[in-house]
Each structure stands twice: as C-alpha cells, then as structure tokens.
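Here the sequence shown is numbered in my numbering, starting from 219 and rising by one per residue.
Please note that the accuracy of each hint is not assured.
Claimed, not checked - Only pairs whose alpha carbons sit at most 20 Å apart, straight line, appear in this in silico EDC-like list of lysine to aspartate or glutamate: (1) K566 x E622; (2) K632 x E604; (3) K566 x E601; (4) K579 x D525; (5) K579 x D602; (6) K579 x E601; (7) K632 x E592; (8) K632 x E601; (9) K632 x E622; (10) K625 x E592; (11) K357 x E382.
Read the hints as simulated data drawn from the structure, not as lab findings.
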Amino acid sequence: MTLPAQANRIKARKASTTRPHLINQLNQGLFLDHTLILVSAPAGFGKTTLVSDWVQNLQKDDTNQDSSIAGQITWLSLDEADNDPTQFLRYFIAALNQIETIYTPIGNGALGMLQSPQPPMPRTIMTSLINEIAAITEKVILVLDDYHLISAQPIHDALSFLLENMPPQMHLIIATREDPVLPLSRLRVRNQLTELRAADLRFTVAEAANFLNQAMGLDLATEDIAVLETRTEGWIAGLQLAALSLQGRTHTSRLIQSFTGSNRLVLDYLIEEVLQQQSEEVQDFLLKTAVLDQLTAPLCNVLTGHDNGQATLELLERNNLFIIPLDDDRLWYRYHHLFADLLRQRLKQIQTEQLPRLHTKASEWYQQNSLMDEAIEHMLAAEDFERAAHLLEGEVDAIWGRDEHIKLRYWLEKLPVALIDATPHLGIIYAWSLFSTGQQEEAERRLNAAEDTLGLCVDDFADNFETRQEKINDSDKLRYLGRIAVTRAFLACAAAGNIYTLIIANLKLAVTLTIGQFTTDYRNLPAAAPVGERKQYVTDNFGWLFVCDLGGSTC
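With the sequences and hints as input, model every part of the structure.
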C-alpha cells in the first residue's frame, strides 16, 4: 500500500540551541528499555524540536551509536482527522511497515486485517501487530507527535493494550501538550516510563542567553537576559516572541522591563494556541480564577460557583495548561506568569464588571481561613477601601512587628488619604512610615489629622464619628494619643539631629506618662507607681514606646 503522507515524515527542525542534557535523558530511556518516553508540556516548549533533534542524532551515524540505543526509527505526525480508530491504526501500522528489517515487514498481517470488509476489533489487530514485532530482533522506535489532538477513547484503549504487552524491542515516543489517557501510573511504578515535562524543557539562563544573542541575533546584557528568563519562566516560545519584539529596537532594557503576557505577540499566540482550544467551561474557570496568585480547589469553587475545583485543577495539570503545582499534595497551584497576564487581560476586556465581585469573594474566603495578607490584597483590588482599611487596621501591629514595612507602606498608599486620616490607628502608622523615609512634614500632617479625628470623639466616641464603623473607646484613644506623642518626640529628635535630645525626650515622655501630667486630653493615667510597673503600663497601653529608665541608663 502507499504510505500516508504524515507517516514516517520526521519533522526536521534545526535546533537553535543544542540541549545535550535532554538528549542524554532521552537516550537513557532507550538504554533502560523503557516502554514509553513521554515529552509532555504546554505549547511552545520545544517538544517537537527536541525530539526531532534527538532522532536526527540517532540517525546521524548508526555505526557510532551505542548498540543499546541504536534502532530503526519512524515518525507519525497526528491531526484531528486521525480520531477515526480505523484510520489511526492504518497510519500507525503503515509507519511501522516502512521500517527495514531482515524479516517480513512489520505489520503486513495487521494491515491485511484492516483492509478486510469487516475489520476485527482494534485489540485483535494490536495483538497481531505485537506478535509481528516480537518476531524481529531490531530495536524499533515510533514517534507519535501532537498526540494531544487524539481524543477518541478506542484509540487510547488500543495504545494502552499495546503498552501493556509491548515487546522489549519496541519503544513508543509521544510528544503532546497534555498527558495522554494511557496507563502512565502503572508504567511509572514498573520503571517503564521516561518523562520530560515543562520543568525539564524550560530554558536555563545560559540557554536563554545562547538563544537570544546567537540564534535570534540580539546583543542583550546579562541582566536583561535574566529578567526575560524570569518573566517567561524559560518558556521558549515566550523568549522567541520577546526576541521578535526587540529586533531593530533601541532602549531594549526598558522594553524588557515592560514585557508581560499582554504583549501583542504573546497575547495572540496564547489566545490562538491555548485559550481558544479549551471548552467554554474551562475558559470560564480560567478567567474567573485569574484574579488569584495561588489556586486551591475550595477557593476556586467560591469564585466559579461550582464544586469541581479539584477535578478542574487536575485536568488543567494533565492538559499542561500553563499551571504549576506548588506542593506535592497538589493542593495549591499557580498559573505561568505570562499565561496569568493573558487571563487577567482577557477578564478585564470581556468581564470587567466581574472583577470587584471576584476579588471580594476571594478576600472573604481568605479571611475565613485566617490568611489576612491575601484578604487585604484582594479587598484593595476590589477597591472596597472601607473594608480594606478595617482589615488592615486589625493586622497593622502584627505586620509592623514582622518588620514588613515596605508591604505595609504599599497597602497604606493604596488607601484614600481621607480614609487614613479618619482612622487614627492607620494614620499614626503611616506617619511612622513617612518619618522612617525622611518625610517629616508629611508625617506631621498625618499626626495632625489623627489628632483632629480623635478630638471629635472626646465626649462621645461613636455618635460624631461618621467615617468609622466601630467605636473608639477610652483606652483606644489614650493608646493612640500616646503613640502620637511618641512619634512627635521622634520627629523633634530627628529635626534636632542629636542623640542626647532623643534620650531626654524619651525620659520626659516616660515621666509625664507615668505621673499623670500628659495634657488635659491625655488624662486618666494611673498614679505614680514603681518604675517597672510604670514601664510595663506604658508598653502595654501606648505601644512601641522607646521607654527609658527614669535614671536614663537604658533605653
């Protein structure tokens, strides 16, 4: 018979960057007589290029090949039309039939069965093929490229039967964007499986440098290459698209800093090659969960309104949909950075009105699970600033205590200034943050605003305080006023630029606090007490005080 066009046609793609460590892994699979070598990764990770390069290396000089890996190689490129089981088997067997052996060509009997008016079941045909392969002595290697295009269960069943009963002289190589419906777990347990995945295929910084500067003809600095490698996470197509965007351009460093999944070339590629290939249900899941930096099934269920979060996450992982597990138990995942950029861009374009609701739901879930940093982030993203301020106020002391000042400043600056001014606790912390970066005048303004807000509540801390949802009780007010005093002391000391002024200011503060002479508004403090008790009282009630012994010996 005439061999179909796509059978036995090896995709001769010249590798732009040699990858000997991966070639060695593929060779090792043959050396160990593994039944299946699986190369499974998302679009654009160089699967076909790698396997083609490996095959050409094997064929380059058979006489120099290790006899343990040398063999006859055939290649079958698949497309969606091959989901007809009879057609698939015809092409599959025809590819093997082209292999030159000293015996009768492989598959003559099986092809005869397929050509009969009523072909037998696929398992019967596979049994005949297995027997024919077992009768030869040569090593046989068959590559199935683009196996993700096969969805017909009878074909999966036929290949599963072959893998379970494959003679040791045959090896099957599958390149695919998603894990095939084959007995991978059993093969793995039996040590009959070699796997190369996205984590293996991603370019290292050195490979990225070679690819960008040699293959793509750029002249990028080491620092710029490192940024691109981090942004793309070694995704080869992403690096290539970045290189195309940079060719002929000046100020490449600035362009590299702004390279994201919203880049036009990246956007078009991911939409066409990845997103549009998914079902409506999967696309909806991807878009609604795009607001998350990390994904877990219960949280995904809240955002999507369905209860299939875990099953969908596992499906995405099997299908190599740019999702990365973050733990061995497969409880937490994240999207590839550029893919996440794409999803968020699409969500903003077609479901803008959903964004606040999704962020609010995420925040509420994080609150319920005591993950307060994430809860604050999402409430800020939802632009529900009142609730965000309430959450931040409850966590601000702990955040400051962990020395996470940059994060705290970032969150505070996302809040409207008027809301900070109406929340003394946050206003005082913001003043400290401003003071620590040399912005004394702005810090003073925030302290004045906090004092003004507290002044509204001298007689009734609830009725006249419209911008706050909860009451400020006497002890809270005194604590805030104490913190304002401490901050003012530090501001004065910083202005004086004298360490002795700082010590004296703290001594004076400690004295005035403990003997009850802290202005009319800073009243109701306990009477004079032993030094240790006074220090403890000040620490407990006024917080962050640079408390000194009255003798001035320690601070």
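TODO: Compare the structure with the hints numbered earlier in the document and write down the numbers of the violated ones, lowest to highest.
DONE: Hint 1 contradicted; others consistent.
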